[in-house]
Amino acid sequence: MRASTGTVTMLTDYYAAMEANTPDEFSSYYADDMTLTFGNSPEIKGRADITAAFSAKLNEVASLGHDLVNVWEEDGGVVFFESIGRWTLLDGEVVEIKAASKITILNGKFVDQRIYVDNAPVDEALKRETARRTA
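Its first residue numbered 6, the sequence shown is counted upward by one per residue in my numbering.
It is worth saying that the hints were derived from the structure and are not from the lab.
If you're wondering where the values come from, they're calculated on a predicted model, not measured in any experiment.
There may be inaccurate statements among the hints.
[What the hints assert, rightly or not] Simulated pairs of lysine to any residue, SDA-like, Cα-Cα distance not exceeding 20 Å:
1. K62 / R52
2. K107 / G81
3. K107 / N64
4. K132 / R52
5. K103 / G81
Use the sequences and the hints to build the structure in full.
Spelled out as structure tokens, the structure:
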């Protein structure tokens, strides 16, 4: 079923904190023992390690915005959604990527997040940007 207004608002606020690159704010949504699986990368466990992983990537760009396309909510706090990630590089180049994600939310905290996305276009754009800066 379609997600509740409260769930969509929570996701919107979470991604606004991520776009602003405010780790204290975006990590406030994470349970202490949260797990994150990004594509086929190894699982990351714990709020501190997940925050560090996201912060490291966000520090490479000017911003990462998300537009939620469709959001569905199931029993047990399971939320599925499609999004468009809008990566703005330090030189102003914008790369948009489609993604699908599943977040399990219990007692108002993310306990598990799985992100399915091909970030190869972002990685290529970052390589081009680095090459221009060092040329």
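Hint-by-hint comparison with the structure:
1. Restraint check for K62 and R52: the C-alpha separation of about 16 Å stays at or below 20 Å, so the hint holds.
2. Our distance criterion of 20 Å between C-alpha atoms is met by K107 and G81, whose separation comes to about 12 Å.
3. The straight-line distance between the Cα atoms of K107 and N64 is roughly 24 Å, outside the 20 Å bound, and the hint therefore fails.
4. Taking the CA atoms of K132 and R52, the gap is near 29 Å; set against the 20 Å cutoff, the hint is violated.
5. Proposed proximity of K103 and G81 is contradicted: the alpha carbons are some 26 Å apart, above 20 Å.
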